[in-house]
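Engineer: Residue numbers (my numbering), protein chains in the order written: chain A, 61 to 609; chain B, 67 to 381.
Some hints here could point you the wrong way.
[Said to hold, decoys possible] Derived DMTMM-like pairs (lysine to aspartate or glutamate); straight-line CA-CA distance at most 20 Å:
1) A/129 <-> B/305
2) A/353 <-> B/111
3) A/353 <-> B/337
4) B/114 <-> A/595
5) A/129 <-> B/115
6) A/175 <-> A/527
7) A/411 <-> B/111
8) B/231 <-> A/516
9) B/231 <-> A/527
10) A/411 <-> B/123
11) B/354 <-> B/370
Since the hints were made in silico from the structure, they are not lab data.
Residue-level listing of the chains:
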Amino acid sequence: MASHAMTGASHREPNYLEYKGKHTGILAWILSTDHKRIGIMYLVVLTAFFLLGVTLGFFMRLEQLYLDKSVSLMTAATYNAIFTLHGVTMIFLVVVPGIPATLGNFMLPLMLGAKDVSFPRLNLLSWWLYVVGALIIFASLFSGGGLPDAGWTFYAPYSVRTATNIPLAVFGVFILGFSSILTGLNFVTTMHRMRAPGMSWFRMPLFCWSLYATGWIQVLATPILGITMLLVFAERLLNIGIFDPSLGGDPILYQHLFWIYSHPAVYIMILPGMGVISEILPTFSRRTIFGYKAITYSTLAIALAGSLVWGHHMFTTGQSWYANFVFSLLTFLVGIPTAIKVFNWVATLYKGSIRIEAPLLYAVGFIFLFSIGGFTGIMLGILNVDIHLHDTYFVVAHFHYVVFGGTMMALFAGIHYWWPKMTGKMYNKKWAISGWAVMFIGFNLLYFTMFIMGYEGMPRRYYGHLEQFHQAHRIATYGSWVLITGILMMVATLISSLRNGEPAADNPWGGSTLEWSIAGLPPLLNFDEIPEVTEDPYTYNPEPEVAHE
Amino acid sequence: MGAGNFATQVDNTFLIVLAISVITLIGITIAMIWFMYRYHHTRHEQAKDIHGHLGLEVAWTVIPTILVLSMFYFGMEGYSEMRTIPEDAFEIQATGRMWSWVFEYENGIQDTALRVPLNRPIHMKLVSNDVIHSLYIPAFRIKKDVVPNVDNRMWFAADEPGYFKDAIACAEYCGDSHWNMYADLDVLPQAEFDAWYKSKGEEFAALAQPAAPGEASKVGLRGPMLFTLKGCNACHSVDGSPLVGPTLKGIFGKEEEVVLADGSSKMITVDEEYLIRSIKEPDAEKVKGFENSIMVAQPLTETELAEIVAYLKTL
Numbered sequence: 061m062a063s064h065a066m067t068g069a070s071h072r073e074p075n076y077l078e079y080k081g082k083h084t085g086i087l088a089w090i091l092s093t094d095h096k097r098i099g100i101m102y103l104v105v106l107t108a109f110f111l112l113g114v115t116l117g118f119f120m121r122l123e124q125l126y127l128d129k130s131v132s133l134m135t136a137a138t139y140n141a142i143f144t145l146h147g148v149t150m151i152f153l154v155v156v157p158g159i160p161a162t163l164g165n166f167m168l169p170l171m172l173g174a175k176d177v178s179f180p181r182l183n184l185l186s187w188w189l190y191v192v193g194a195l196i197i198f199a200s201l202f203s204g205g206g207l208p209d210a211g212w213t214f215y216a217p218y219s220v221r222t223a224t225n226i227p228l229a230v231f232g233v234f235i236l237g238f239s240s241i242l243t244g245l246n247f248v249t250t251m252h253r254m255r256a257p258g259m260s261w262f263r264m265p266l267f268c269w270s271l272y273a274t275g276w277i278q279v280l281a282t283p284i285l286g287i288t289m290l291l292v293f294a295e296r297l298l299n300i301g302i303f304d305p306s307l308g309g310d311p312i313l314y315q316h317l318f319w320i321y322s323h324p325a326v327y328i329m330i331l332p333g334m335g336v337i338s339e340i341l342p343t344f345s346r347r348t349i350f351g352y353k354a355i356t357y358s359t360l361a362i363a364l365a366g367s368l369v370w371g372h373h374m375f376t377t378g379q380s381w382y383a384n385f386v387f388s389l390l391t392f393l394v395g396i397p398t399a400i401k402v403f404n405w406v407a408t409l410y411k412g413s414i415r416i417e418a419p420l421l422y423a424v425g426f427i428f429l430f431s432i433g434g435f436t437g438i439m440l441g442i443l444n445v446d447i448h449l450h451d452t453y454f455v456v457a458h459f460h461y462v463v464f465g466g467t468m469m470a471l472f473a474g475i476h477y478w479w480p481k482m483t484g485k486m487y488n489k490k491w492a493i494s495g496w497a498v499m500f501i502g503f504n505l506l507y508f509t510m511f512i513m514g515y516e517g518m519p520r521r522y523y524g525h526l527e528q529f530h531q532a533h534r535i536a537t538y539g540s541w542v543l544i545t546g547i548l549m550m551v552a553t554l555i556s557s558l559r560n561g562e563p564a565a566d567n568p569w570g571g572s573t574l575e576w577s578i579a580g581l582p583p584l585l586n587f588d589e590i591p592e593v594t595e596d597p598y599t600y601n602p603e604p605e606v607a608h609e
Numbered sequence: 067m068g069a070g071n072f073a074t075q076v077d078n079t080f081l082i083v084l085a086i087s088v089i090t091l092i093g094i095t096i097a098m099i100w101f102m103y104r105y106h107h108t109r110h111e112q113a114k115d116i117h118g119h120l121g122l123e124v125a126w127t128v129i130p131t132i133l134v135l136s137m138f139y140f141g142m143e144g145y146s147e148m149r150t151i152p153e154d155a156f157e158i159q160a161t162g163r164m165w166s167w168v169f170e171y172e173n174g175i176q177d178t179a180l181r182v183p184l185n186r187p188i189h190m191k192l193v194s195n196d197v198i199h200s201l202y203i204p205a206f207r208i209k210k211d212v213v214p215n216v217d218n219r220m221w222f223a224a225d226e227p228g229y230f231k232d233a234i235a236c237a238e239y240c241g242d243s244h245w246n247m248y249a250d251l252d253v254l255p256q257a258e259f260d261a262w263y264k265s266k267g268e269e270f271a272a273l274a275q276p277a278a279p280g281e282a283s284k285v286g287l288r289g290p291m292l293f294t295l296k297g298c299n300a301c302h303s304v305d306g307s308p309l310v311g312p313t314l315k316g317i318f319g320k321e322e323e324v325v326l327a328d329g330s331s332k333m334i335t336v337d338e339e340y341l342i343r344s345i346k347e348p349d350a351e352k353v354k355g356f357e358n359s360i361m362v363a364q365p366l367t368e369t370e371l372a373e374i375v376a377y378l379k380t381l
């Protein structure tokens with residue numbers, strides 16, 4: 061798509077890992093404003109949090125092996141704290157920053173043909189806010205009268221009354237919100253101002269489009285989370301009635317404010333994942349994406365409509381009939397652009413010349429798992445069905461299919477796809493594919509079982525369960541062991557490639573977007589010469605030129 | 067335990083959507099696997115760039131739109147029925163508190179199990195004494211949040227007689243014993259229900275009357291019952307076993323270290339005044355070791371308070 065004339069010279073530039081700035085050692089990382097180093101730093105910290113979240117989830121599943129609570133692993137209070145921490149860690153520290161902070165930071169300027177993001181120092185500040193926010197949340201564990209136990213949703217009035225250190229945890233989430241806002245602002249500005257000459261909006265790779273839509277949601281929706289968290293904070297410290305009915309407040313108001321952010325946040329999580337999939341499918345099919353504009357418009361439609369459906373979390377609260385009516389209708393409308401994307405992705409495989417590699421398998425797995433998440437989302441949007449399924453394991457299964465089967469699988473897909481450009485190494489293909497297969501099986505064992513339990517009436521956030529659910533709980537727990545094995549296989553494969561991996565070719569998958577036009581690892585300023593874009597993205601040369609294998 | 071009056075409709079709506087979903091998912095999956103096989107680079111060396119197809123884009127926009135709008139319609143229809151409470155429905159008030167349910171009838175009966183007449187619409191008035199709960203009867207496919215200061219209502223009709231253990235759950239997370247906030251449902255044929263309602267009602271009315279002159283004091287008779295009906299037993303044992311709150315075994319006259327609201331602590335001997343204060347203002351002086359447990363004052367009449375205190379003295 062671009063003139064490849066500049067690649068010859070770049071061999072002489074030190075790459076971003078070799079580059080020597082004024083700092084050395086760890087400071088060369090934590091004070092670096094290079095978007096690539098920042099992306100890697102996010103990836104490292106985020107992986108640590110992800111593994112922590114997985115460990116917490118592992119213990120939750122383990123506890124469910126015990127029907128008789130007099131001999132089980134932990135007390136109810138501990139279990140409640142563990143699911144709260146699992147949720148807070150996974151949502152606020154892993155999935156929301158997730159793809160934009162890691163792959164987005166690293167790849168966005170490369171894909172746009174830019175030297176960095178618009179505000180590199182702001183970008184570093186975002187990372188720092190992220191780390192500080194996380195530290196504050198973890199500090200809340202070791203202060204106050206016990207571990208926070210209000211669930212990641214912090215519903216009032218429970219969250220206002222529990223003796224645990226909710227204010228500090230809430231303050232940590234508040235800080236994290238700023239990290240998210242600044243990243244969104246930075247990305248949106250970068251796409252407006254720093255696209256390479258010739259890269260019109262509709263020549264932008266779809267991953268960039270997804271970051272664009274995400275950036276807007278981050279900027280517009282996250283402040284509401286901040287305000288809500290400040291109000292919870294004020295209510296607890298100053299004892300003024302905002303959400304707590306015993307002080308004259310309204311607990312339903314809390315739910316509105318919380319979901320006005322947290323529902324769009326689901327699209328902050330999933331849209332970048334959809335973007336990654338839209339990159340991987342054309343590359344491994346070696347053909348253009350099917351329906352570029354349809355995918356672009358559906359991305360924007362999801363961002364817009366997804367901002368107006370928060371009330372579907374509240375069908376059982378007693379909100380007005382008209383509110384339920386409108387929120388249910390809008391929820392169904394979000395399903396349409398989502399369906400359009402899925403069909404376009406499948407059609408992209410048609411008449412391709414397909415190479416089966418780990419990123420493609422992750423992408424195809426994503427489509428399968430995310431579709432299940434989508435269909436069950438439709439089921440939850442149906443008013444009378446949601447009355448039954450709300451707050452059961454069905455909902456837990458649904459959002460794990462969307463957020464884990466969707467966002468996280470897309471993140472794994474993207475990591476496997478861009479790993480050669482980020483690290484200069486190739487991982488072992490057989491191990492990468494085995495890890496994916498084990499993960500895929502474990503995932504379905506664990507979460508599909510939860511759909512069945514949920515429909516049969518197993519409420520969520522339960523320390524124990526009735527005997528009728530015991531068999532299903534055991535299957536789910538065994539599934540969690542398979543899933544975790546798969547995750548560890550993936551992590552081990554990637555880490556061992558850093559030491560033992562073959563050096564990667566410049567463009568091992570034959571990708572056509574700008575990041576692959578750089579020889580070797582990208583240098584500090586990415587391009588010696590800003591490339592000129594003359595074609596649409598994913599315009600593949602008819603002759604296959606795959607260097608890998 | 068029967069399905070209640072809504073389950074068939076909810077299940078049918080669900081099954082239709084499930085069928086559409088499964089068919090579409092199988093279609094998507096087979097297409098992906100077939101394409102990956104058929105157009106694998108060893109079989110299909112030269113890819114073909116297809117930028118899109120307007121007809122297909124229109125088709126897979128319009129068809130899902132029609133499908134989801136009809137799903138929306140069915141859901142709305144079913145939900146309309148759920149929210150329209152029949153005029154002649156039998157009203158029962160359900161109160162949720164951490165962590166048990168109590169059901170109150172118009173004639174004064176209070177019970178921790180929900181007893182309803184068969185095939186009669188039941189109108190539930192939902193009250194919370196503390197945080198948000200949610201009354202959930204999975205077999206009937208219904209639930210409604212129980213929100214402090216919000217007048218929420220729900221209705222159903224049971225269609226099979228019998229005693230169903232743990233038929234009612236709490237679906238909104240409310241703390242330590244949220245998972246154990248189950249209640250039983252007892253569905254009685256109308257005649258049997260009427261007999262129970264009358265005799266139990268009289269029993270409650272008699273107990274609520276002050277003792278007549280010459281009659282022995284009734285104080286203490288209702289204590290054990292109120293201890294359960296007011297939910298005290300959810301957190302306090304009477305046999306010495308540890309729960310969320312301190313056990314009340316041998317509480318009267320016991321030496322306790324208590325923590326005051328300002329964080330300081332002192333030694334006290336539990337007397338009647340302390341018991342009354344702790345029931346009315348649970349946060350004033352909390353037993354050491356339990357200062358982080360939450361207790362919410364339950365609404366009690368003066369007589370009820372006296373009854374409970376009298377009962378506590380006997381433990």
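Engineer: A separate judgement is required for each hint: does it hold in the structure or not?
Structural biologist: Each hint, compared with the structure:
For the proposed pair residue 129 of chain A and residue 305 of chain B, the alpha carbon gap of about 19 Å is at most 20 Å, so the pair holds. Simply put, residue 353 of chain A and residue 111 of chain B have alpha-carbon atoms about 27 Å apart, too far for the 20 Å limit, and the pair is violated. At roughly 77 Å between alpha-carbon atoms, residue 353 of chain A and residue 337 of chain B are farther apart than 20 Å, so this suggested pair is violated. Taken as a hint, the residue 114 of chain B and residue 595 of chain A pair is honoured in the structure, with Cα atoms around 17 Å apart against an allowance of 20 Å.
Note on residue 129 of chain A and residue 115 of chain B: the hinted pairing is violated, with a Cα-Cα distance of about 60 Å set against a maximum of 20 Å. The straight-line distance between the Cα atoms of residue 175 of chain A and residue 527 of chain A is roughly 60 Å, outside the 20 Å bound, and the hint therefore fails. For the suggested pair residue 411 of chain A and residue 111 of chain B, the alpha carbons sit about 10 Å apart, so the restraint of at most 20 Å is met. Distance hint between residue 231 of chain B and residue 516 of chain A is fulfilled; the C-alpha atoms sit about 16 Å from each other, no more than 20 Å.
A C-alpha spacing of about 12 Å is found between residue 231 of chain B and residue 527 of chain A, which places the hinted pair at or below 20 Å, so the restraint holds. A C-alpha spacing of about 18 Å is found between residue 411 of chain A and residue 123 of chain B, which places the hinted pair at or below 20 Å, so the restraint holds. At roughly 27 Å between alpha-carbon atoms, residue 354 of chain B and residue 370 of chain B are farther apart than 20 Å, so this suggested pair is violated.
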